[in-house]
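Given the coordinates of chain P, assemble chain E onto it according to the supplied hints.
From first to last, the protein sequence lines stand for chains P and E.
Its first residue numbered 24, the first sequence is counted upward by one per residue in the working numbering.
Its first residue numbered 24, the second sequence is counted upward by one per residue in the working numbering.
Do not take every clue at face value.
Claimed, not checked - Subject to a maximum C-alpha distance of 20 Å in a straight line, what follows is the list of computed PhoX-like cross-link-like pairs (lysine-lysine):
{"#": "1", "chain 1": "P", "residue 1": "Lys263", "chain 2": "P", "residue 2": "Lys276"}
{"#": "2", "chain 1": "P", "residue 1": "Lys311", "chain 2": "E", "residue 2": "Lys324"}
{"#": "3", "chain 1": "E", "residue 1": "Lys389", "chain 2": "P", "residue 2": "Lys311"}
Said to hold, decoys possible - Okay, the calculated beta carbon distance ranges per label pair:
{"#": "4", "chain 1": "E", "residue 1": "Arg234", "chain 2": "P", "residue 2": "Lys247", "range": "52 to 58 Å"}
{"#": "5", "chain 1": "P", "residue 1": "Gln244", "chain 2": "E", "residue 2": "Ala196", "range": "47 to 53 Å"}
{"#": "6", "chain 1": "P", "residue 1": "Asp362", "chain 2": "E", "residue 2": "Asp233", "range": "53 to 59 Å"}
{"#": "7", "chain 1": "E", "residue 1": "Ile347", "chain 2": "P", "residue 2": "Lys247", "range": "50 to 56 Å"}
{"#": "8", "chain 1": "P", "residue 1": "Pro97", "chain 2": "E", "residue 2": "Ile347", "range": "39 to 45 Å"}
Please keep in mind that the hints were generated in silico from the structure rather than gathered at the bench.
All C-beta atoms in this analysis are idealised placements derived from N, C-alpha and C, irrespective of residue type, glycine included.
2 protein chains.
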Amino acid sequence: MLFSTLRSSLRRFSSSAICADRAVVYAQNGDPSQVLRVITYPNIPQPPPNSVKVEFLLSPINPADINVVEGVYPTKPTTEDALALSEDQQLFFVGGNEGLGRVVTLGPGVNSLAVGDWIIMTKQQAGTWATSRNVSVNDVLKVPGFEYVTEVQAATLTVNPPTAYNMLSEFIALKPGDWVIQNGANSAVGQAVIQIAAARGLKTINFIRDRSVPDLEQLVQKLKGLGATYVLTYDQLADKSLRNKIKEWTASKPIRLGLNCVGGKDTTAMARLLGNDAHLVSYGAMAKQPLSLPISLFIFKNLTSHGFWQSRWYTQRSLSEREILMSNLVDLMKAKKLDTPDHDIVTITAAESDEQATEKIQETLKAMSSGRRGRKILLKLESS
Amino acid sequence: MLFSTLRSSLRRFSSSAICADRAVVYAQNGDPSQVLRVITYPNIPQPPPNSVKVEFLLSPINPADINVVEGVYPTKPTTEDALALSEDQQLFFVGGNEGLGRVVTLGPGVNSLAVGDWIIMTKQQAGTWATSRNVSVNDVLKVPGFEYVTEVQAATLTVNPPTAYNMLSEFIALKPGDWVIQNGANSAVGQAVIQIAAARGLKTINFIRDRSVPDLEQLVQKLKGLGATYVLTYDQLADKSLRNKIKEWTASKPIRLGLNCVGGKDTTAMARLLGNDAHLVSYGAMAKQPLSLPISLFIFKNLTSHGFWQSRWYTQRSLSEREILMSNLVDLMKAKKLDTPDHDIVTITAAESDEQATEKIQETLKAMSSGRRGRKILLKLESS
Chain P
24 MLFSTLRSSL RRFSSSAICA DRAVVYAQNG DPSQVLRVIT YPNIPQPPPN
74 SVKVEFLLSP INPADINVVE GVYPTKPTTE DALALSEDQQ LFFVGGNEGL
124 GRVVTLGPGV NSLAVGDWII MTKQQAGTWA TSRNVSVNDV LKVPGFEYVT
174 EVQAATLTVN PPTAYNMLSE FIALKPGDWV IQNGANSAVG QAVIQIAAAR
224 GLKTINFIRD RSVPDLEQLV QKLKGLGATY VLTYDQLADK SLRNKIKEWT
274 ASKPIRLGLN CVGGKDTTAM ARLLGNDAHL VSYGAMAKQP LSLPISLFIF
324 KNLTSHGFWQ SRWYTQRSLS EREILMSNLV DLMKAKKLDT PDHDIVTITA
374 AESDEQATEK IQETLKAMSS GRRGRKILLK LESS
Chain E
24 MLFSTLRSSL RRFSSSAICA DRAVVYAQNG DPSQVLRVIT YPNIPQPPPN
74 SVKVEFLLSP INPADINVVE GVYPTKPTTE DALALSEDQQ LFFVGGNEGL
124 GRVVTLGPGV NSLAVGDWII MTKQQAGTWA TSRNVSVNDV LKVPGFEYVT
174 EVQAATLTVN PPTAYNMLSE FIALKPGDWV IQNGANSAVG QAVIQIAAAR
224 GLKTINFIRD RSVPDLEQLV QKLKGLGATY VLTYDQLADK SLRNKIKEWT
274 ASKPIRLGLN CVGGKDTTAM ARLLGNDAHL VSYGAMAKQP LSLPISLFIF
324 KNLTSHGFWQ SRWYTQRSLS EREILMSNLV DLMKAKKLDT PDHDIVTITA
374 AESDEQATEK IQETLKAMSS GRRGRKILLK LESS
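Chain P on its own, in the form it takes in the complex (with noise of 0.2 Å):
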């Protein structure tokens, strides 16, 4: 429905010459780094009733982009959110998921937006690789107080810094001075989960590959510069001794909240170091390998495990609890206490061919899935 009116007037305008928009698109599924390309199309249209019309500031390129592009993911973008642009009627997909807008042109109907806001997507798979998109006012939040972040802040609002926020709230009620353990600390949640427990007070214990970058003390060193108590390999997790050291820092008090982005016999290790009654939480799964648990931990030390998706989220909360979140990070933004993770900006400009963009996209694409990781990848599509 949200893009119905943009893709009948994209079909009428496919012979057209008028260029000004452009997006990443994929016509089938596949690895991303043979199947997207970078397309023009004619300008959209004004925005329907209930609609503004977006200009995408800054998309990031998740890793779960990739799998959506691959068909792997649970959401799918839908056909009607894609383009149609030839007389064949073959549909194009927009990638991305996330992205920050700025609102252009406000539809019939429209109040609770003004032009120049700053938006993000609430709805799952909408395509943010691209210009400017027309999208329905039910589809996206205001970013409140968005004078106070940085694009970047506001672009990577809608995935990671929610996960980690959720993740220490949802699951248990946490007391400042209570312990949380994770690993893949050095990802974007892994990130914001050290920024956040650190400004409620929390102490956490970090598990990270100790390949994970050629420097491992200035890994350590920067992420106890964000917050995080201890910061450990998982080498040092497979050794046996830690479970007496982790007594000593957390004065026995058991560590009741386990966050979990890997899978595999270092989680398991991970779990073991849990208290009594406590919680952990997987949201992904680095390692590729099933989470295995000895049933002993569930059924004496009363473990519960849990799985959280951010996007599951979104569609079981009200627009109310949306915007509080939203808000609360914000809040920590603009206090300092919550920063973006590093990241490498890709821009497109104007005066890029599509095939330059189609090379330099592929090739983005090809980087990430050979296993850069610690830095966030921003698409800056500039439009003509």
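Relative to chain P, chain E alone:
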């Protein structure tokens, strides 16, 4: 505290020849078929204040009891509940956690119980493999409506039926017509799950080992007779076509409760049959393998994995909650909706010597640990 009076009195009478009481005991942890022995000891004294003397009518030998004797179970008998029979102060731990006692003498100040009442132990590992003991009124529950239930029903009321009852009600609110899936369906808990679920109008899909009994078809019919909707083997669980069959059976209604006492790959396969927002509750680990689950089930299907341990339930709930639970179970038994699993009673008569009795106990334990399953063992220690 509980048996301190008993202990000092036993010390006093240790060289006496007034023999009447007997117990199955062990001096140190180890293989039950080696370390258990039957001893005769002087009659226990009059019960102290707020205690009653009970005569045990029937005491189950549960698989967990074996783990306790081996020393690998999280709850252990206290030295206060142990017997000190000789001058050298060596302590003998009395085996048995569950058991049906009949009140034979009231201690001073007891008005909540009457002579002739049937009681079951709520204190863990107090030692029920004995002819008689003094027990605190705080550590027992009167079997409500005991005139309507058999000795076997009452003796097995504390562990398995409440485990089944609570797992069906504590994790998710199920309505008549809803589906439950479980493995180990022929275990004592599994059979109770089938019956309690049927009494509530819940439908069950039950998995059993195809080698668990010589006549598989007979077992299937038996479980169906108890109220099982479907009974399948783990081999059938491994077959991918089962998913479609189950969709047909359930008319695609999501299964939101899974009960596990096995672990390993069969449990992984069973978990995949659960719908969105389901709860997997583990209460046993017969396969002695971890619970291994794809992280995607947690993240994208919102699976929650819990453990259940009836012992913890007792320690966390009020007396009135415990009484209501017992009363609900006895009501089901009175209504012929919940019966005991197949069982054998091992009787040790007063005429048998301690040596003969010891041999019988050790043989029984040897048979149990060599894997005879599906039949519950109860111990009847006759007093002289």
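A quick look at each hint next to the structure:
The straight-line distance between the Cα atoms of P/Lys263 and P/Lys276 is roughly 19 Å, inside the 20 Å bound, and the hint therefore holds. A threshold of 20 Å between alpha carbons decides the hint, and for P/Lys311 with E/Lys324 the separation of about 17 Å falls inside it, so the pair holds. Taking the CA atoms of E/Lys389 and P/Lys311, the gap is about 43 Å. The hint is violated against a cut of 20 Å. Taking the beta carbon of each, E/Arg234 and P/Lys247 are about 55 Å apart, inside 52 to 58 Å as hinted.
Evaluation of the 47 to 53 Å hint for P/Gln244 and E/Ala196 yields a pass: the beta carbon distance comes to about 50 Å. Look at P/Asp362 against E/Asp233: about 58 Å separates their beta carbons, and that is inside 53 to 59 Å. Between E/Ile347 and P/Lys247 the C-beta distance comes to about 52 Å, which sits within the given range of 50 to 56 Å. The given range of 39 to 45 Å is respected by P/Pro97 and E/Ile347, whose C-beta atoms sit roughly 42 Å from each other.
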